[in-house]
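*Asks:* Each chain, written out:
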Amino acid sequence: MSEPLIFELSREGKRGYTFPECDVPESPLASLIGTRHLRREPAALPELAEIDVIRHFTRISRLNFCVDTHFYPLGSCTMKYNPKVNEKIAALVGFSQLHPLQPPQTVQGMLRLLFELEHLLCEITGMDAFTLQPAAGAHGELVGMMIARAYFARAGEPGRNIVLIPDSGHGTNPSSAALYGFEVQGLASDASGRVDVKQLGAALTPRVAALMLTNPNTLGLFEKDISSIAGLLHDNGSLFYCDGANLNALVGLAKPGDMGIDILHTNMHKTFSTPHGGGGPGAGPVGVKKKLAPFLPVPRVRRDDARGTYFFDGVGAGDSVGRVHAFYGNAGVLLKAYAYIRALGAEGLRQVALDAVLNANYLKELVSACFDIPYNSGPCMHEFVLSAARQKEHGVSALDIAKALIDRGFHPPTVYFPLIVKEALMIEPTETETKETLDTFARVLCEIAQAAEHSPGTLTNVTPHTTPVSRLDEVSAARKPVLTWCAESGREEKDSASGRQRR
Amino acid sequence: MKKYTKTHEWVEPDGTRATVGITDHAQGELRDIVFIELPKKGAGVSQGAACAVVESVKAAFDIYAPLSGKVIEINPKIEEDPSLVNQDPEGAGWFFKIEIADAAELDGLLDEVTYYKLLRGEAQ
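Line by line, the protein sequences give chains A and B.
Just so we're aligned: 188 in our numbering is position 188 of the first sequence, and the numbers increase by one with no gaps anywhere.
Just so we're aligned: 1124 in our numbering is position 124 of the second sequence, and the numbers increase by one with no gaps anywhere.
To be clear, the hints were calculated from the coordinates, so they are not data collected in a lab.
Among the hints, erroneous ones may be present.
Stated by the list, open to error - Simulated crosslink set (BS3-like; lysine-lysine; CA at most 25 angstroms straight-line):
| hint | chain 1 | residue 1 | chain 2 | residue 2 |
| --- | --- | --- | --- | --- |
| 1 | A | Lys422 | B | Lys1117 |
| 2 | A | Lys198 | B | Lys1097 |
| 3 | B | Lys1040 | B | Lys1117 |
| 4 | A | Lys392 | B | Lys1040 |
| 5 | A | Lys422 | B | Lys1006 |
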């Protein structure tokens, strides 16, 4: 890549600003902070003029491949367009200049908004209570597992230690359950790509704490037997956890709470249009049924109905799993989700789901002649999974196709997931794309499929051609990771494998 | 004689002991393996239960024990150089050796002919 690191641009003594002499008496730092907390030598910060810094970061920003520049059909991530009005509202100084340690009486507007968001999410999902604290979907899953563990401990059933997870679920599900000490047991899908109810029944023992179900699942299929699944679980005394990351297919149409779900996480950065990426922040609120509400994280925002004021409640309260995030979660993100929900209203949200499902089915139909589509017995929900098995026979893999899409101006779909589809390409167009974009994408995808058949050499292991760096060597990166940049030898450093750090 | 599982592990018994690994088909499906987590020496494994993890550029996969028993030796070479499993999965790329707990479990496994029939069935 042609753009050097900012450290490589650094020249000793360069400065953006120079300050005038200090005209008040200085106190030695050591007397203010204590020597224990002071650096022994100055930090190795890059030294540049302001214009060098601005140009460096502007050049890098132009390499971005994002929703605002390209169609981004990354399956199960719901990369919808994020309306700019949300940003505008979140930037209002009355919100953006708040400090989380301000006294509650000075942040009534924000507290009201969080309180109302909690209730809007209850209305949308059919759950009884929500925590807005979790910072991401996977964090929400972990909090869900904490609530399940606390519930069974309280119920005198600490032996419930198994979590069942279908093989069409999100990959984070087993990770979250295992991270919180549960034993994960996989369930193979039936021939249609859904939960095999008979197999589930056989797996239900007194040790099963919960089933974690992604609905619609990663094959883009609605779990038709969800009521019988809920019945089986509840008869067994187990909890029903739903990964609600794919709520975009259901919002305004159906409520997970009505399907017998006990714990649900939602993703503000998927369904409710807050931005993804940049390492966060996200928000993954968790909703529960009434019997689980006492276990929700604290503090919770409550309303004093008599006075019409809002306050934090429940720190140190009995059954709560405690805090799971500093203060009250990523409030700025929650604010954008609130703005989105209020702007669309019930009718608008319903239209979101209808259009998301329509777009996915339209796109699936357009590409169905060019690719194999396993588990395709009818319409899909918000996403669908192609298989590049046919192209693979010519030596062109799902990865080659994904990279070829970059050359043609599209972000690749999710590849090699779910694992039950060979050479999987998981595509989710979302509701925000136009027919023209979908038509162009389908045409390009079919052109690549044809190239795979007639001139595979232009694709196999060579794409992409147009990016600042071409095909990355993922294997070496994983086998010999170089995790620190080494100043003395620059970027060509290759021998610092196995985590050995050099300073 | 080598026996196989439907989940693409192989096991080669030698008296009361057996060597365990993954099949050539499995390594081909996984593609470039970048990390392997083996059971600890002395650990117990039970037939059909996850006993090791293989991570490739595609994803992480559980490896299931073809037989129950106690792990008596692991292959340190594949921990250092996981590509050995891609190069020679049914030879130098073996995973671990166990003391067989119940030799009768062998009867439930597939022989070579049946395993390759199964693979051809999968490919169709």
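*Asks:* None of the hints should be skipped; say for each whether it holds.
*Replies:* For each hint, the structure was consulted:
A hinted pair counts as satisfied when its Cα atoms are at most 25 angstroms apart, and Lys422/A with Lys1117/B qualifies at roughly 19 angstroms. Restraint check for Lys198/A and Lys1097/B: not satisfied, since their Cα atoms lie roughly 36 angstroms apart, outside the 25 angstroms limit. Taking the CA atoms of Lys1040/B and Lys1117/B, the gap is about 34 angstroms. The hint is violated against a cut of 25 angstroms. Using a Cα cut-off of 25 angstroms, the hinted pair Lys392/A and Lys1040/B is violated, with the two alpha carbons roughly 37 angstroms apart.
Simply put, Lys422/A and Lys1006/B have alpha-carbon atoms about 17 angstroms apart, close enough for the 25 angstroms limit, and the pair holds.
In this structure, the earlier hints numbered 2, 3, 4 are contradicted, and the remaining ones agree with it.
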